[in-house]
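Asker: Listed below are the residues making up each chain.
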Amino acid sequence: MSSVSKVVPESCLLIVVGLLVGGLIKAVGEKPPILKSDIFFLFLLPPIILDAGYFLPLRQFTENLGTILIFAVVGTLWNAFFLGGLMYAVCQIGGSGLNHIGLLANLLFGSIISAVDPVAVLAVFEEIHINELLHILVFGESLLNDAVTVVLYHLFEEFANFEQVTIIDIILGFLSFFVVSLGGVFVGVIYGLIAAFTSRFTSNIRVIEPLFVFLYSYMAYLSAELFHLSGIMALIASGVVMRPYVEANISHKSHTTIKYFLKMWSSVSETLIFIFLGVSTVAGQHYWNWTFVISTLLFCLIARVLGVLVLTWFINKFRIVKLTPKDQFIIAYGGLRGAIAFSLCYLLDYEHFNMRDMFLTAIITVIFFTVFVQGMTIRPLVDLLAVKKKQETKRSINEEIHTQFLDHLLTGIEDICGHYGHHHWKDKLNRFNKKYVKKCLIAGERSKEPQLIAFYHKMEMKQAIELVESGGLGKIPSTISAVSIQNISPKTLPVARVLPALSKDKEEEIRKILRNNLQKTRQRLRSYNRHTLVADPYEEAWNQMLLRRQKIRHTDRQNAYLTVPANKIDSPTMSRARIGSDPLAYEPKPDSENLPIITIDPASPQSPESMELPNEIPKGCGGLPPSPEEDEEGLVMRAKEPSSPGTDDVFTPGTGDSPSSQRMLRCLSDPGPRQEPEEGEPFIPKGQ
Amino acid sequence: MGSAQSVPPEMRALAERTGFTSEQIEQLHRRFKQLSHNRKTIRKEDFDTIPDLEFNPIRARIVHAFFDKRRNLRKAPAGLAEEINFEDFLTIMSYFRPIEMDMDEERLESFRKEKLKFLFHMYDADYDGIITLQEYKDVLDELMSGNPHLEKESLRAIAEGAMLEAASVCMPRTGPDEVYEGITFEDFLKVWKGIDIETKMHVRFLTMEAIAHCY
Numbered sequence: 001m002s003s004v005s006k007v008v009p010e011s012c013l014l015i016v017v018g019l020l021v022g023g024l025i026k027a028v029g030e031k032p033p034i035l036k037s038d039i040f041f042l043f044l045l046p047p048i049i050l051d052a053g054y055f056l057p058l059r060q061f062t063e064n065l066g067t068i069l070i071f072a073v074v075g076t077l078w079n080a081f082f083l084g085g086l087m088y089a090v091c092q093i094g095g096s097g098l099n100h101i102g103l104l105a106n107l108l109f110g111s112i113i114s115a116v117d118p119v120a121v122l123a124v125f126e127e128i129h130i131n132e133l134l135h136i137l138v139f140g141e142s143l144l145n146d147a148v149t150v151v152l153y154h155l156f157e158e159f160a161n162f163e164q165v166t167i168i169d170i171i172l173g174f175l176s177f178f179v180v181s182l183g184g185v186f187v188g189v190i191y192g193l194i195a196a197f198t199s200r201f202t203s204n205i206r207v208i209e210p211l212f213v214f215l216y217s218y219m220a221y222l223s224a225e226l227f228h229l230s231g232i233m234a235l236i237a238s239g240v241v242m243r244p245y246v247e248a249n250i251s252h253k254s255h256t257t258i259k260y261f262l263k264m265w266s267s268v269s270e271t272l273i274f275i276f277l278g279v280s281t282v283a284g285q286h287y288w289n290w291t292f293v294i295s296t297l298l299f300c301l302i303a304r305v306l307g308v309l310v311l312t313w314f315i316n317k318f319r320i321v322k323l324t325p326k327d328q329f330i331i332a333y334g335g336l337r338g339a340i341a342f343s344l345c346y347l348l349d350y351e352h353f354n355m356r357d358m359f360l361t362a363i364i365t366v367i368f369f370t371v372f373v374q375g376m377t378i379r380p381l382v383d384l385l386a387v388k389k390k391q392e393t394k395r396s397i398n399e400e401i402h403t404q405f406l407d408h409l410l411t412g413i414e415d416i417c418g419h420y421g422h423h424h425w426k427d428k429l430n431r432f433n434k435k436y437v438k439k440c441l442i443a444g445e446r447s448k449e450p451q452l453i454a455f456y457h458k459m460e461m462k463q464a465i466e467l468v469e470s471g472g473l474g475k476i477p478s479t480i481s482a483v484s485i486q487n488i489s490p491k492t493l494p495v496a497r498v499l500p501a502l503s504k505d506k507e508e509e510i511r512k513i514l515r516n517n518l519q520k521t522r523q524r525l526r527s528y529n530r531h532t533l534v535a536d537p538y539e540e541a542w543n544q545m546l547l548r549r550q551k552i553r554h555t556d557r558q559n560a561y562l563t564v565p566a567n568k569i570d571s572p573t574m575s576r577a578r579i580g581s582d583p584l585a586y587e588p589k590p591d592s593e594n595l596p597i598i599t600i601d602p603a604s605p606q607s608p609e610s611m612e613l614p615n616e617i618p619k620g621c622g623g624l625p626p627s628p629e630e631d632e633e634g635l636v637m638r639a640k641e642p643s644s645p646g647t648d649d650v651f652t653p654g655t656g657d658s659p660s661s662q663r664m665l666r667c668l669s670d671p672g673p674r675q676e677p678e679e680g681e682p683f684i685p686k687g688q
Numbered sequence: 001m002g003s004a005q006s007v008p009p010e011m012r013a014l015a016e017r018t019g020f021t022s023e024q025i026e027q028l029h030r031r032f033k034q035l036s037h038n039r040k041t042i043r044k045e046d047f048d049t050i051p052d053l054e055f056n057p058i059r060a061r062i063v064h065a066f067f068d069k070r071r072n073l074r075k076a077p078a079g080l081a082e083e084i085n086f087e088d089f090l091t092i093m094s095y096f097r098p099i100e101m102d103m104d105e106e107r108l109e110s111f112r113k114e115k116l117k118f119l120f121h122m123y124d125a126d127y128d129g130i131i132t133l134q135e136y137k138d139v140l141d142e143l144m145s146g147n148p149h150l151e152k153e154s155l156r157a158i159a160e161g162a163m164l165e166a167a168s169v170c171m172p173r174t175g176p177d178e179v180y181e182g183i184t185f186e187d188f189l190k191v192w193k194g195i196d197i198e199t200k201m202h203v204r205f206l207t208m209e210a211i212a213h214c215y
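Line order of the protein sequences matches chains Y and V.
Under UniProt numbering, think of the first position of the first sequence as 1, with each following residue one higher.
Under UniProt numbering, think of the first position of the second sequence as 1, with each following residue one higher.
Next up, chain Y with everything else stripped away, as it sits in the complex (with noise of 0.2 Å):
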């Protein structure tokens, strides 16, 4: 069956689906749904394009924005022209009951139909892993037609009503492009900038941080499209301008929470749309004319593949990377249509277009045409044509680093050149943002932090919790694997041999320590009280009672799997992950009395502690001789939430540990040297 869904995209397979219901509801007898223009507009759109907006890849969107630009504004121009105009030409000789159709009325069905479809590019695409340029370049084209869509469907729409039109219509007409497509980035913009000035004042509530990101992002969309702006222009501009700023304030689960429900919705939006689509066509009425419908389909072709050949070539004068004519191919084959010009049809009214379904019947053969044909073709053809494919490389720390680099490099170039292009405007507009917006939009220190320090961050975090997730049986992620510090830097600091070879059970003992305290935060969030995020005590001890005893089966088969180097530092997330991953027993300690206790919490973006850790190491593993107050203080840290007392995420740990291995501990976990032996007792009583 797989090998279905490698000849087939999903969209095809969808659409058939539909066919399918749609036939059966037929033949029951009940009259199937169409897929309405208001619910096309208002619920199945708006997810995609957000999640296509929120998640744009901003730096090749802006690198080749001109292009584009381009190709959406003047190709779909060109497109909605040209097919209106040789529609006409076709209705006026192809006789056959097709002389009523009026000039505008052809030239309203070009610009429906000329438009690349967002949906259908993306679910075409998604699947051939194309490389990044031209995935770019044609789904942006698709995003930004809108805004000459929705210009030309009403100026269109309106015309057909006029007994004239003159010429100040049609000037009026070219100014309301520029009004609807820069005034839907604007709503869009002001949205995103309310949204992020909102996401800073949200630390008190993360529950309902991602509801701000939706629910801005859609008011933007319904704004722009309550005053005939170009809805998506709106939605996507507020994605983009929210997304930096917000992803600084919002903590690490909204972040994920948000990817995730976006993906979701998108996900569901498409299945419905393309399965509407298929039951639709069965619901419809049609009205089937054979030369409109050839006539369209052909003219459509002809008119992508010359726009394409046209553009590109006037393209390349500008371009330093310029674009061989593989990639035009590919361009003009991944014009693909669907359902945005369906429902614009559907919208048509019957009295003033009473050809509304010969033109819904041709729309749909159009459709049909792409997803189908086009869509299971492009895959083998671009294997065929070796066009070059996406790289699957990660986002490495080297990667971004000399990223900064070459842009600082560049534009410095550029400075001594005395030439003002594109890298020095873009570090202009960085030093403007560093300056100025940061300071509002981000709370608290995270304003100041450097991009740089922000991405290693996320990247500590991805690798502990992957490795954390792995919970010991799966791989360990490559960066740790072979190579270790000691590799790199063999005569390092002195520091780094402070830590004596331990023996192996007071490894043991120190990992199930550590271990427990992970487990027990884990289990302190699986009791939600939404309002006070407290646990509730008594379900606790059940809890953890199950757990051990589940843990003890655990335990047989596992083997203590990671192997902590003597002399290794390592950075704080990593090794509080990889302590953390495997899991082992609880054993309570006999002796409980005046022991240091210790409050374990699991990284996050947001603590400055995180930033301060760095310098404890230094400090916990020197080589100091232990004294005594410091085997006191030894191990205990500020909780994250102050909460409650008689909370979770309290433990005692062993007794008498060697000074050695106070301080690896000391090293190996979370910040905050203070003390507060009063922070609570052993809450789970012993011996149980």
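It is worth saying that the hints were derived from the structure and are not from the lab.
Be a bit skeptical, because a hint or two may be false.
To be verified - For each label pair, taking beta carbons as the anchor points, the in silico distance ranges come out as:
(1) V/G129 - Y/K389: 26 to 36 Å
(2) V/S145 - Y/F432: 51 to 61 Å
(3) V/E151 - Y/S203: 48 to 58 Å
(4) V/F185 - Y/N131: 40 to 50 Å
(5) Y/K389 - V/T21: 30 to 40 Å
(6) Y/P380 - V/I130: 41 to 51 Å
(7) V/T21 - Y/S37: 52 to 62 Å
(8) V/H29 - Y/K458: 41 to 51 Å
(9) Y/H286 - V/L108: 31 to 41 Å
(10) Y/V207 - V/E151: 49 to 59 Å
(11) Y/F432 - V/A60: 18 to 28 Å
(12) V/A125 - Y/K458: 21 to 31 Å
Unchecked claim - Interface residues of chain V toward chain Y, partial, derived using beta-carbon atoms under 8 Å:
(13) T49
(14) I50
(15) L53
(16) F55
(17) P57
(18) I58
(19) R59
(20) P98
(21) L116
(22) V139
(23) S145
(24) N147
(25) M201
(26) V203
Claimed, not checked - If you want the footprint, here are the derived chain V segments under chain Y, 3+ residues with CB under 8 Å:
(27) 28-35
(28) 153-162
We put the CB at the ideal spot given by N, CA and C, even for glycine.
Following the hints, position chain V against chain Y.
Answerer: For chain V alone, coordinates are given in the frame of chain Y:
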């Protein structure tokens, strides 16, 4: 401006060597004269007259790269030149030329290598052909020099993380005792393999008049 009527033979030789067109050479020559205040050579101090360069965190390295004799200017003795003439100026600029469509694979490959070598020399401050951890840290320090609030330790951690990554790419199987000295040029090439340097490392050289001013 930019007339091609009288193309002096040196200009033609320059054009051939560096790959610029004659209009571009004229344009750059004008800029050179501006920077050098109509003298024949540029000194390091002349770069200070460019206002926008102040904000650049790695400006020291960039200026340094212009004066590095052996590697970038391809002249014999190693060390820094006191001043550079127009030919040297052009040589450095030629590293930033964009690729042309009609280049064949071999030329593309060598072009790519040249660019990467230039970049490598910018990282490798002591000219020993290896980027050590300390040098990498220095690069990072410079990059982040615009942020006074930064902790030194985080930079250290980042540098180490980056080296670890580079090491794991280049020497995937190492025992605990083997020492990874630093990033050699081959390793550097490997790290950059995924990124198309030729599409990124270029500056648009104009053929028309549009030069910024300096003091």
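Asker: Which constraints among the numbered hints does this structure fail? Numbers only, ascending.
Answerer: 2, 3, 4, 9, 10, 13, 21 and 23
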